[in-house]
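Given the coordinates of chain A, work out where chains B and C should sit on it, guided by the hints.
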Amino acid sequence: MTKTKSTVPLRLIEETSDYWRVVFDYPPFNIVDATIFEGLQELLGRMEASPSLRVVVFESANPDFYLSHFDLTGKIGNIMSAVGASGLPILMDTFVRLTKSPVVSIAKIRGCVRGVSSEFVLACDMRFASRENTRLGQPEVGVGLHPGGGGTERLPHLVGRGRALEIVLGANDFDGDTAERYGYVNRAVPDAELDSFVDALARRIASFDRRAIAAAKHLVNQVSLPSADRLLDAFTSFGTALTWPEAQQRIQALLERGLQREDDFEKRWPEMLGTLLET
Amino acid sequence: MTKTKSTVPLRLIEETSDYWRVVFDYPPFNIVDATIFEGLQELLGRMEASPSLRVVVFESANPDFYLSHFDLTGKIGNIMSAVGASGLPILMDTFVRLTKSPVVSIAKIRGCVRGVSSEFVLACDMRFASRENTRLGQPEVGVGLHPGGGGTERLPHLVGRGRALEIVLGANDFDGDTAERYGYVNRAVPDAELDSFVDALARRIASFDRRAIAAAKHLVNQVSLPSADRLLDAFTSFGTALTWPEAQQRIQALLERGLQREDDFEKRWPEMLGTLLET
Amino acid sequence: MTKTKSTVPLRLIEETSDYWRVVFDYPPFNIVDATIFEGLQELLGRMEASPSLRVVVFESANPDFYLSHFDLTGKIGNIMSAVGASGLPILMDTFVRLTKSPVVSIAKIRGCVRGVSSEFVLACDMRFASRENTRLGQPEVGVGLHPGGGGTERLPHLVGRGRALEIVLGANDFDGDTAERYGYVNRAVPDAELDSFVDALARRIASFDRRAIAAAKHLVNQVSLPSADRLLDAFTSFGTALTWPEAQQRIQALLERGLQREDDFEKRWPEMLGTLLET
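Going line by line, the protein sequences match chains A, B and C. For the first sequence, position 195 matches number 327 in this note's numbering, and the numbering has no gaps at all. For the second sequence, position 176 matches number 308 in this note's numbering, and the numbering has no gaps at all. For the third sequence, position 87 matches number 219 in this note's numbering, and the numbering has no gaps at all.
These are computed hints drawn from the structure, not numbers from a lab. Any given hint could turn out to be false.
If chains are identical, the list can't say which one is meant, so a pair holds when it fits in one copy or spans any two.
25 Å max Cα-Cα, derived DMTMM-like pairs, lysine to aspartate or glutamate [claimed, not checked]: (1) 399 to 309; (2) 232 to 378; (3) 207 to 307; (4) 207 to 264; (5) 207 to 150.
Isolated chain A, as found in the complex (with noise of 0.2 Å):
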């Protein structure tokens, strides 16, 4: 959020004070690591202060990453420890004060989009995503982990408990149109398109009233949002997660395989991950 490149992997582009967009831009494959929640709350810290804004839209500077996945190397800071604003770990604390604000979040899907990057985009208000250009997945079960971060709460609401299984179990890619069948987007839309629809429904959605919709989301938000208990449950659980040996290993295989270091890989590792262990 700050003008110097090396530390900015959020651009914000102020279309007005009603309708922002926030575009990811942290080369060479947008991982999410410590600076790109830091990122994030320094732009929940901007939006709580910006009482005319109505709708953020998220999208990347890269085509083919929109958020990769967590940071497998360490480089976590200390947001898995340190609190935010609503007093859960920062990590929980960011999506949940999304999912809450009276402001209107938006995916704007391209590329791959994996594990906490998946739970990023479950967290926001609506999801829209390429048709042709989407790797959507929880692939966190084939590294020996499990979701951390909302997706094994928010997925069976959104697309049942069967579906949600396949996603979390099955640990693999969902494409565009798969991901709109199972509801896990609320549309794929053809690449060509996908720019103007969304851009159009922001448009349209910033030239209403703040207060209808704000109280609008609240009360969706009352009946569909996973309670804090359940996500601690699954935050703490992940945490532990990290510590096993198994966990360790497939971490380092994939590391070593090219992992956060490759662009092939990067773009095709969940696909790998049924024969990760064998030679």
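Only chains B and C this time, still in chain A's reference frame:
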């Protein structure tokens, strides 16, 4: 429900003692005002006094308008204040009694169905919509208000939080195909087949034992109906929203542009909500 | 599970110690009676005693009948009265233990799957159905009964209240495509690809760590399983419904027409329920 056309917003056709059709016929646009609710309250009384009745199909005499929307000129009588048989305000009482009735309710949808009318079909047990001729939505937020008759409580369970927020905050129309894809209606059926499809289903259900139907519906209700507390929260908040100056300004703008007067505007007004206050 | 064909309703194929297939093989129609539940109870005991097992696929030796339906000639032994390991009646105990097992269960569906058999696949973690060869439904209401083994509790969460009521009150068959569109199954897969699709998914899951699988499934279960109270309500009510004279009359009519005897009638009987008592 009486014989005089001028006071007959609902026509009752008793196909058999097991199976009734109710036809909304309240020119010019089937606008939902106190008269419609009087008709529905009288109908509910008749349904509750008919021990052999199994199923009621709700349809419209006007293919362009199923029920259009809440009357915005003030002709709502006491439906927000007086209470019905359940002890809830008449607007809510009507919808809640329909959901809990041992009689099965089926909405056969053609034409425009917006706001409180969407909430009426959401209170029906099933919804079948014309594939070619359906304009279904919750445009309240675009009028400076929010849904108050169950839309914000029933939609998340049917379509998930993301799509519910798109429907409610986007405040636009959904056609038959999109409504089916989202789960907003059970099915979109080709218009030429809609009557026979719904009639066959209704006659089939009418042939079953009332006790079995009632027990099965009761069990499904136990795990799928929103609580009265949640419904009352939304209803009360809606009553307050009607007094907001922003809402009054938008309602005035709509009435000046032709709402409840001009056929073409009445069909297309949600499209215009994004530019309603522009000169 | 034993070697003698006459007492072997379930054949167990241990593909590996991680991945089992269970084949229903109980001619002529795989009717669900006390013998099937004995086999499932024995299987659950084996699953619980197999610490390296990750995933079980359930399929049928007969492509026309997965499991057909509850035995209506009375051969249900003590599955409604005696309790299983969970303290719940055996019928419920079987389904509840399957849902809570750390082992992943996948239903690979071909042929007829009705009533208690639908409730079996709803208790599995995932359901994949043959696109061309699936007849899935809850026809109990058309037999004067209602679902009692979890159908009324699990369907609303998967498909929403409107579609759940259509399935339960319409009491008819759903083909693979409609079942997928409704969310009743995860996916309808072309029959020629079904075996390889499910096998690849099962082997993939079998390669993951059991601890990660168990933790992830447990978290999803916390927000997606119906309560034991709700399941018991339906089960108890079903026990009562079996004594209703209307139900007994419909059951007799079905048995006289050929149920559990004639192949063609066994395949198509739900179609006839709307005219069952006509002469």
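Comparing the hints with the structure gives:
no., hint, result
1, 399 to 309, "within (18 Å within a copy, 31 Å between copies)"
2, 232 to 378, "between (36 Å within a copy, 23 Å between copies)"
3, 207 to 307, "neither (29 Å within a copy, 47 Å between copies)"
4, 207 to 264, "neither (32 Å within a copy, 50 Å between copies)"
5, 207 to 150, "neither (34 Å within a copy, 35 Å between copies)"
The structure is inconsistent with the numbered hints 3, 4, 5, although it conforms to all the rest.
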